[in-house]
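Asker: Got chain A sorted already, so can you dock chain B onto it with the hints?
Chains A and B, in that order, give the protein sequences.
In terms of our numbering, the first sequence is residues 1 to 526.
In terms of our numbering, the second sequence is residues 527 to 842.
Hints listed in this document are in silico derivations from the structure and should not be mistaken for laboratory results.
C-beta: ideal position from N, C-alpha, C; glycine also.
Fair warning: there could be bad hints in the mix.
Listed next, the stretches of chain A that the computed footprint assigns to chain B, with coverage defined by at least 3 CB atoms under 8 Å from CB atoms of chain B [to be verified]:
#: 1; stretch: 139–147
#: 2; stretch: 209–219
#: 3; stretch: 242–250
#: 4; stretch: 392–406
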Amino acid sequence: MSRRTTTLRAALLAATTLALAGLTSGVARAAGTLVWGMPAETDILDPHATGGWSTYQVTYQIFEGLVKEDLTKADVPTPPLVPALATSWEISPDGTVYTFKLRPGVKFHDGTPFDAAAVKFNFERFWDESSPNFYKKAKAFVIAYTKWIKSVEVVDPMTVRVTLKAPNYQWLRIGLQSYGQPLMISPTAVKKYGNGGIALHPIGTGPFRFVERDQGVKTVLERNPDYWGRPAKLDRIIFRPLQDPATRVNALENGEIQMMSTPPWDEIQRLVGEGFKLSTNANVPYINFLHLNFKNDAMKDIRVRKAINMAIDREGIAHDIYHGTGRAEYGMLSPGTDAYDPTFKSYSYDPEGAKKLLAEAGHAHDLKLVFELPQYGTGELVETWIQRDLKKVGIDVQLKKYEWITYMGKWAGGMPASVAFNTIGWGMSTPAWIDIVSRCDSAPPGGVNSGWYCNKEVDKLLDAAILERDPVKMKAIYQKANRLIMDDAAFVPTVDDLQPMLLSPKVKGFVNPPEDWFDLSTVSVE
Amino acid sequence: MGKFLVHRLLGVLPVMFGVSVIIFLLMHLAPGDVTTVLLGPQATEAAKTELRHALGLDQPLPLQYGRWLWRTLHGDFGVSIATQLHVAALVLPRFVNTMLLTVASLFLAIVIGYGAGLFAALRTRSIFDRGTMVVTLLAGSTPPFWLGLILVLLFAIRLRWLPVSGMTDMAGDGGALDVLRHLVLPAVTTALGPAAIITRMVRSSLREALERPHVRVARAKGLSRGVLLRRHVILNALPPIVTITGLQLGYLIGGALLTEVVFAWPGLGSLLYDSITARDMPAVQATTLLIALAFVLVNILVDFINVLLDPRLRDA
Numbered sequence: 001m002s003r004r005t006t007t008l009r010a011a012l013l014a015a016t017t018l019a020l021a022g023l024t025s026g027v028a029r030a031a032g033t034l035v036w037g038m039p040a041e042t043d044i045l046d047p048h049a050t051g052g053w054s055t056y057q058v059t060y061q062i063f064e065g066l067v068k069e070d071l072t073k074a075d076v077p078t079p080p081l082v083p084a085l086a087t088s089w090e091i092s093p094d095g096t097v098y099t100f101k102l103r104p105g106v107k108f109h110d111g112t113p114f115d116a117a118a119v120k121f122n123f124e125r126f127w128d129e130s131s132p133n134f135y136k137k138a139k140a141f142v143i144a145y146t147k148w149i150k151s152v153e154v155v156d157p158m159t160v161r162v163t164l165k166a167p168n169y170q171w172l173r174i175g176l177q178s179y180g181q182p183l184m185i186s187p188t189a190v191k192k193y194g195n196g197g198i199a200l201h202p203i204g205t206g207p208f209r210f211v212e213r214d215q216g217v218k219t220v221l222e223r224n225p226d227y228w229g230r231p232a233k234l235d236r237i238i239f240r241p242l243q244d245p246a247t248r249v250n251a252l253e254n255g256e257i258q259m260m261s262t263p264p265w266d267e268i269q270r271l272v273g274e275g276f277k278l279s280t281n282a283n284v285p286y287i288n289f290l291h292l293n294f295k296n297d298a299m300k301d302i303r304v305r306k307a308i309n310m311a312i313d314r315e316g317i318a319h320d321i322y323h324g325t326g327r328a329e330y331g332m333l334s335p336g337t338d339a340y341d342p343t344f345k346s347y348s349y350d351p352e353g354a355k356k357l358l359a360e361a362g363h364a365h366d367l368k369l370v371f372e373l374p375q376y377g378t379g380e381l382v383e384t385w386i387q388r389d390l391k392k393v394g395i396d397v398q399l400k401k402y403e404w405i406t407y408m409g410k411w412a413g414g415m416p417a418s419v420a421f422n423t424i425g426w427g428m429s430t431p432a433w434i435d436i437v438s439r440c441d442s443a444p445p446g447g448v449n450s451g452w453y454c455n456k457e458v459d460k461l462l463d464a465a466i467l468e469r470d471p472v473k474m475k476a477i478y479q480k481a482n483r484l485i486m487d488d489a490a491f492v493p494t495v496d497d498l499q500p501m502l503l504s505p506k507v508k509g510f511v512n513p514p515e516d517w518f519d520l521s522t523v524s525v526e
Numbered sequence: 527m528g529k530f531l532v533h534r535l536l537g538v539l540p541v542m543f544g545v546s547v548i549i550f551l552l553m554h555l556a557p558g559d560v561t562t563v564l565l566g567p568q569a570t571e572a573a574k575t576e577l578r579h580a581l582g583l584d585q586p587l588p589l590q591y592g593r594w595l596w597r598t599l600h601g602d603f604g605v606s607i608a609t610q611l612h613v614a615a616l617v618l619p620r621f622v623n624t625m626l627l628t629v630a631s632l633f634l635a636i637v638i639g640y641g642a643g644l645f646a647a648l649r650t651r652s653i654f655d656r657g658t659m660v661v662t663l664l665a666g667s668t669p670p671f672w673l674g675l676i677l678v679l680l681f682a683i684r685l686r687w688l689p690v691s692g693m694t695d696m697a698g699d700g701g702a703l704d705v706l707r708h709l710v711l712p713a714v715t716t717a718l719g720p721a722a723i724i725t726r727m728v729r730s731s732l733r734e735a736l737e738r739p740h741v742r743v744a745r746a747k748g749l750s751r752g753v754l755l756r757r758h759v760i761l762n763a764l765p766p767i768v769t770i771t772g773l774q775l776g777y778l779i780g781g782a783l784l785t786e787v788v789f790a791w792p793g794l795g796s797l798l799y800d801s802i803t804a805r806d807m808p809a810v811q812a813t814t815l816l817i818a819l820a821f822v823l824v825n826i827l828v829d830f831i832n833v834l835l836d837p838r839l840r841d842a
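Bound conformation, chain A alone (with noise of 0.2 Å):
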């Protein structure tokens, strides 16, 4: 070998060596950025034109309401509703009359002072329909909170008071359920960028503050250091929609996320054991659950949608399938509410007594039932589990599976005759949620009663629920309520998953809260 080739192939060498040290090494982090693989890409930023917990993961770190739910505690039932951008509220005597004493020294993103005059411009733009600031999207989101509203005022400058229709004692929190959320959004940002511009540029007075967006890719936002309560610890959160969970295990395992959320369940306890940290909540605030068609020959029968109840084993699907990261429900109050009571078994698994109750109901062999629910991954082994069971009992169930927005659509328009029942995952952490599945006049149109359950009994008692100031007896009047309908068995609670979210050894401070989103001002990344 020559000296010349000698020299040549040891440059080569060294070249590579250097080029494989430069692919290797990566780029040095931030530090105290988090990365956070989520299952998709959240919707726009516009706390008034949007919903699903997704997106609220995000706006909720950017955008603030008068009220606030304390998300810095697990081992509570319900999170607490704290002070936020007010101070204090007042609720007159007949429960019409909400009076906010506003934060003084509290400034949007964008630099605008908070006052009731922004306060005032944020109810026009989602309720007050003659203002120029009305934004009609925002109004049809925020429509749970905003169709009880009959009038804002500002009383000073940092006065406002709201009066409502009628009383309603779960209206604070509903406002925080719902499907839009009625937060606070610079009204400089609005004028400048126009309503629909403010989805590209969120701006609020949360701990962190919006920097970028790249559509699909990620969302970044960077700690607000002019922040008015405890400052976040981490200096930056990127957001990154990872749709495929394989592809979110990988970077976790690799060190490119610190944060997944939705683990496919098989795959958590070898992350467990290999050092990454898994956090439940036993207290999520959703329950998973099927509508009975009452619609349906079969279903009108009582026998035959106890039948079914009895006929399913969530206890096995929750330890089975979920491996310990789910729970078997029984009544439609989800363990998040105040009104949850642990020890309520409406139906327990029993496909002995199924058979006897559909022998009765004439149905010893020949029932056949078409279950409608959408087409996703992980939901697809707890229902052909479900057909499994049933058809243990004698009931051929044919499953109709549709993609996503098909499905929402038929879901949202009411079951027709032909199907039995369907499916969703859905629920907030205030128990006035089950009016919107159970209540008679929450049947489609207009409403998401699918099933067409009607008992006049139920909706005196929601009623009477909503005009309740009293939390104790509140509470025991929403346990009647799910007593009768779990006694009519108009739906099948199945099963929760407990929100599981595996993290890094490197991240501290994080929170899973009885809430489907996050307060992300605790977290810090080593």
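Answerer: Positioned in the frame of chain A, the structure of chain B alone reads:
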């Protein structure tokens, strides 16, 4: 040649028109209501009706299509219903990303396919030739998303040489080198299937050309191997190879859309998926039109190269 090109380019217009009509109709035939997506399940019917009117969705279909076509012909792709971004601003960066992945994959497929195919053709029935045939059979039959996951497990999780996902490091901007690191695994994943097919085509075309009588005569005359290959073998074998390479480029665009999901590569694949599931018609139309346009232009380029190689094809 100019006439050939003009003729072919004019043919693009009816193809694009047909694609846009089909996509428009398919999206309208699909069940599901965009207003449920945009306004949520609790929205009133009145609000939904108002939104349908605001978006022009209550107009007759021909009118909706005509308006869209008119705006598009004037360079206005409209505003994405779901993201409220201008469609051009949404789609074009994604298109560039998909093209980057596609071109890198094509480069790899050509280097591997032409190199291995040539080598196998010249050493027919050798261990290399037989080995290449087995490997290409396996590579050509492997689903890219599975292959992608296996490559990630090996090179990103086990060896930690390369990143798992994305196009750049999320926590910092590593520049071109960072993009290259992120490009390796998706490009290899996308390239292997087409590389296998190109290898087989190169091998069989060259084998066929090598067996032709004029090549035997040239070899008998004592022509050197290099000259023989350049003048008499490769040139004659090229047209089918170029054609199959062009077809593979189409396959690569399709394959890249799948690979993008596994590697979270921010290209047209995930955008198309999101847009279809959100019934975001302006974004779906623009995305599919761009993919169709790329496919058609690649075919024209392939035809053009073939005509350069074999002028007899000009009148074909």
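Asker: Next step is simple, just say for each hint if it's right about the structure.
Answerer: Checked hints:
1. With 5 residues having a Cβ less than 8 Å from any Cβ of chain B, the stretch 139–147 of chain A passes the three-residue criterion, so the hint holds.
2. Coverage of the stretch 209–219 of chain A by chain B holds in this model, with 5 residues showing a Cβ closer than 8 Å to a Cβ of that chain against a need of three.
3. For the stretch 242–250 of chain A, the proposed coverage by chain B is satisfied: 6 residues have a C-beta within less than 8 Å of a C-beta in that chain, meeting the threshold of three.
4. Residues of the stretch 392–406 of chain A lying with their CB closer than 8 Å to a CB of chain B number 5, which satisfies the three-residue condition for coverage.
No hint from the list above goes unmet by this structure.
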